[in-house]
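Residue numbers (the working numbering), protein chains in the order written: chain Y, 1 to 143; chain E, 1 to 143; chain L, 1 to 143; chain G, 1 to 143.
Hint data in this document are derived by calculation from the structure and do not stem from the laboratory.
All figures in this text were calculated on a predicted structure; none of them were measured in a lab.
Built from N, CA and C at the ideal position, the CB exists for glycine as well.
Check before you lean on any hint, since a few could be wrong.
To be clear about the criterion: a stretch of chain E counts as covered by chain Y if any three or more of its residues have a C-beta under 8 Å from a C-beta of chain Y, and this derived list gives those stretches [stated by the list, open to error]:
(1) 47 to 56
(2) 91 to 99
A few chain E residues that don't get close to chain Y, going by computed Cβ distances all over 12 Å [to be verified]:
(3) A13
(4) P37
(5) F123
Just some of the chain L residues that point at chain Y, by a computed CB distance under 10 Å [what the hints assert, rightly or not]:
(6) V87
(7) E88
(8) K90
(9) T114
(10) L115
(11) L137
(12) T139
(13) I141
4 protein chains.
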Amino acid sequence: MASWQARDPDYEAKVRDSFARQAAMATIGARLGRVAPGEVEIELPFRGDLTQQNGFLHAGIVTAVVDSACGYAAHSLMAPGAEVLSVEFKVNLLAPAAGERFVARGRVLRSGRTLTVCAGDLFAIRDGAETQVATMLATMISR
Amino acid sequence: MASWQARDPDYEAKVRDSFARQAAMATIGARLGRVAPGEVEIELPFRGDLTQQNGFLHAGIVTAVVDSACGYAAHSLMAPGAEVLSVEFKVNLLAPAAGERFVARGRVLRSGRTLTVCAGDLFAIRDGAETQVATMLATMISR
Amino acid sequence: MASWQARDPDYEAKVRDSFARQAAMATIGARLGRVAPGEVEIELPFRGDLTQQNGFLHAGIVTAVVDSACGYAAHSLMAPGAEVLSVEFKVNLLAPAAGERFVARGRVLRSGRTLTVCAGDLFAIRDGAETQVATMLATMISR
Amino acid sequence: MASWQARDPDYEAKVRDSFARQAAMATIGARLGRVAPGEVEIELPFRGDLTQQNGFLHAGIVTAVVDSACGYAAHSLMAPGAEVLSVEFKVNLLAPAAGERFVARGRVLRSGRTLTVCAGDLFAIRDGAETQVATMLATMISR
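Here chain Y stands alone, though its shape is the one from the complex (with noise of 0.2 Å):
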């Protein structure tokens, strides 16, 4: 795998302002975790509130949190005052998301001048084991 270098000494500190104004990270619980040139941890603890109809955590939620880890692992390689929007997503459901919290972890695959292309997965945990319960593979673009 590719080791990055970000271009923004800043980049750690503009992730998390970045993360801190998505309202919709705040609503569903996730809390930001590592952040490293080129790779960005966020976790969600399971909600109740947040299931589809088997009591699993929501595709779209699921969706959610890779999709800010993979736009925020790209975020930390773009020059500095570049806002990253996504262009197009497509995740996989490997297993139900079943479990007491989750970890979405989001690294770049390619890094370009006006898109970055991301690899996303996100892990179930329960009693201490994770699963990995979807993959992603993300198109970032640097606004």
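Dock chains E, L and G against the given chain Y, drawing on the hints supplied.
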């Protein structure tokens, strides 16, 4: 476009019952609209607590309502007793999700015994005019 | 559906010139059909040497013609001198690609300065009847 | 990464037989490389008649070899007698597909009774160095 026949005469009640059990939909304020064989609409009023860093609807919330619209479009054509699960989806974000309210429309492209392929769109409504903000291509499975 | 205006008065010649330089299209026997602003058709006669293990057109060949149809639909709306490249695409295979010949239709959903989002479909023609065999959602970039 | 066990003791012969029946692979000059449980490699020498308008490998040809690598990675884990078909895939093109030859690597992410989810990558080899040119996320079905 294909015109579909429901195999389950109670398809509408089945879809409305399942939607009512999606706690995430209530949490974000989404309401089930029209339900027809192979076609479902979901309405979502704008709320500031569902946004990303620029004040637009978060891509995960966009995905949540379009995924549910696609999933229930698929569900409406499934045999009695069948449950629907999302296998995977891909979303392109076409314009900022800004508006007073949003309508997600899901429709079935291919209905198989095991897998159903759906297309979905999200439209923003502002001053009575609709703008398309996202499009989805999704695969659903009958369980 | 949107009706598009070409910015380049020579859009058709530009598209036909570029298509003629796609050696892969000649190799598989694909021919450029209709070219309109934001809409392109490519025709492909069936050939036994383009198949997968069951004798249907290989998914990569399906993708090749739909990707080119989407790419040139995007190209037709780009400024004079611009080249088009595929950023990403997603394909759902809806039915076995069996037929005497195939028609790929690409159309623009969103036309931006940098990125263009397209939808494309592949239809199989047998005894004069069309069956949809695949659908694509694609992102193209202007270079 | 998961380490997989093949259910079919003859998985390698099964995969090699099926690949040999993919006429499209012979037409483009692709060769089956390593076959292990849940992992398959396909090699493709560069040929000028497989290119797009800039002289790079056409995205459809890129897709063809990565799709076959993913499909056979899935096939290697399926029960004896099962056939594999592509349900859908998404490809991101990361760099121009320029090189003397290419290697597609497919691997299984999730192996289910009906559906298998795979990831695949294409690498270009030039002067002995590998560059990643594409990545795929795919869903395969057992028939």
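Each hint, compared with the structure:
1. 47 to 56: holds (count 7)
2. 91 to 99: holds (count 3)
3. A13: Non-interface label stands for E:A13: nearest chain Y Cβ at 14 Å, farther than 12 Å.
4. P37: 20 Å, holds
5. F123: Given a closest Cβ separation of 17 Å, the condition holds.
6. V87: For L:V87, the interface hint holds, since the closest Cβ of chain Y sits about 6 Å away, which is under 10 Å.
7. E88: Holds: closest Cβ of chain Y sits about 6 Å from L:E88, inside 10 Å.
8. K90: 6 Å, holds
9. T114: 6 Å, holds
10. L115: Where the cut-off is 10 Å and the nearest Cβ of chain Y is about 7 Å from L:L115, the hint holds.
11. L137: OK, holds: L:L137 within 10 Å of chain Y, min 8 Å.
12. T139: 6 Å, holds
13. I141: 7 Å, holds
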